[in-house]
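A.B. asks: Listed here are the chains, written in short residue letters.
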Amino acid sequence: DTGVSQNPRHKITKRGQNVTFRCDPISEHNRLYWYRQTLGQGPEFLTYFQNEAQLEKSRLLSDRFSAERPKGSFSTLEIQRTEQGDSAMYLCASSLITTVNNEQFFGPGTRLTVL
Amino acid sequence: AQSVTQLDSHVSVSEGTPVLLRCNYSSSYSPSLFWYVQHPNKGLQLLLKYTSAATLVKGINGFEAEFKKSETSFHLTKPSAHMSDAAEYFCVVSDRNSGNTPLVFGKGTRLSVIA
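First to last, the protein sequences are chains E and G. Start counting the first sequence at 1; every next residue gets the next number (the working numbering). Start counting the second sequence at 1001; every next residue gets the next number (the working numbering).
So here's chain E without its partners, still in its complex pose (with noise of 0.2 Å):
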């Protein structure tokens, strides 16, 4: 247990419903990425906060997905109108901006099964 958590574990839905996961993140730590997994694949950066400011979109990001962390604590991924091409486990992370060699602990994941 990294002390990353996320939730829920699992979500189940059907195309075009709206789904949202939640990510805390280890106390102390001021940045939080979201990155996406599909069978077979290495994980893939979506986005990340420094505090409340998202500073970096992928391109993977698509204008369905909204990201936010309102306090800089906890952060919510938002996926509008859901594709089966969602369908994957979306990893949260988080890093102390002091860490020079970029190290991130993860969270266990949200796997998604668009129906």
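Read the hints as simulated data drawn from the structure, not as lab findings. Remember, predicted model here, so these are calculated numbers, not experimental data. C-beta: ideal position from N, C-alpha, C; glycine also. Treat the hints loosely; a few may be bogus.
So the derived label-pair ranges between C-beta atoms look like this [said to hold, decoys possible]:
(1) Glu1071/G with Gln41/E: 19 to 29 Å
(2) Ser1052/G with Ile97/E: 31 to 41 Å
(3) Ile12/E with Ser1112/G: 26 to 36 Å
(4) Ile1114/G with Glu68/E: 38 to 48 Å
(5) Ser58/E with Pro1040/G: 20 to 30 Å
(6) Ser1003/G with Arg81/E: 24 to 34 Å
(7) Lys1069/G with Leu60/E: 46 to 56 Å
(8) Ser1003/G with Glu68/E: 27 to 37 Å
(9) Gln80/E with Glu1071/G: 38 to 48 Å
Chain E is fixed; fit chain G onto it per the hints.
C.D. replies: Quick look at chain G alone, frame taken from chain E:
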């Protein structure tokens, strides 16, 4: 741009024999390199990291990796495989001089250990 190539998608070894998981990286900057392990239905766990100190890095559970700049490689080894080592392993690169870059993952190598 940074990238990672894991040369084998699947490696199978007998219990008690050596493990070698191969990784080559490409980075325009001084890289930080990591190996993460992912057991089924578990989160990503850091095995070891290279951050420019010693080129031979020791990690948890008896794993080691050697950074070879001339070969742009960071292969993961273990002298004697255990059944509990069966998992998915990811080689990861990051820009050491900038804490803002996301981690870039390889596609993973699935390690099977045969009794």
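A.B. asks: Has the hinted range 38 to 48 Å been met by the Cβ atoms of Ile1114/G and Glu68/E?
C.D. replies: For Ile1114/G and Glu68/E the Cβ distance comes to about 47 Å; the hint holds.
A.B. asks: Falls inside 19 to 29 Å, the C-beta gap from Glu1071/G to Gln41/E?
C.D. replies: 25 Å, holds
A.B. asks: For the range 27 to 37 Å, tell me whether the beta carbons of Ser1003/G and Glu68/E fit it or not.
C.D. replies: 30 Å, holds
A.B. asks: Taking the beta carbons of Ser1052/G and Ile97/E, is their distance inside 31 to 41 Å?
C.D. replies: 19 Å Cβ-Cβ, so the 31 to 41 Å window is violated.
A.B. asks: 38 to 48 Å was suggested as the range; check whether the CB atoms of Gln80/E and Glu1071/G agree with it.
C.D. replies: 46 Å, holds
A.B. asks: Taking the Cβ atom of Lys1069/G and the Cβ atom of Leu60/E, is their distance within the range 46 to 56 Å?
C.D. replies: 31 Å, violated
A.B. asks: For the hint 20 to 30 Å, verify it against the beta carbon of Ser58/E and that of Pro1040/G.
C.D. replies: 26 Å, holds
A.B. asks: Taking the Cβ atom of Ile12/E and the Cβ atom of Ser1112/G, is their distance within the range 26 to 36 Å?
C.D. replies: 29 Å Cβ-Cβ, so the 26 to 36 Å window holds.
A.B. asks: Is 24 to 34 Å right for how far apart the beta carbons of Ser1003/G and Arg81/E are?
C.D. replies: The hint (24 to 34 Å, Cβ to Cβ) holds, given that Ser1003/G and Arg81/E are roughly 32 Å apart.
Hint violations for this structure: numbers 2 and 7, all remaining hints satisfied.
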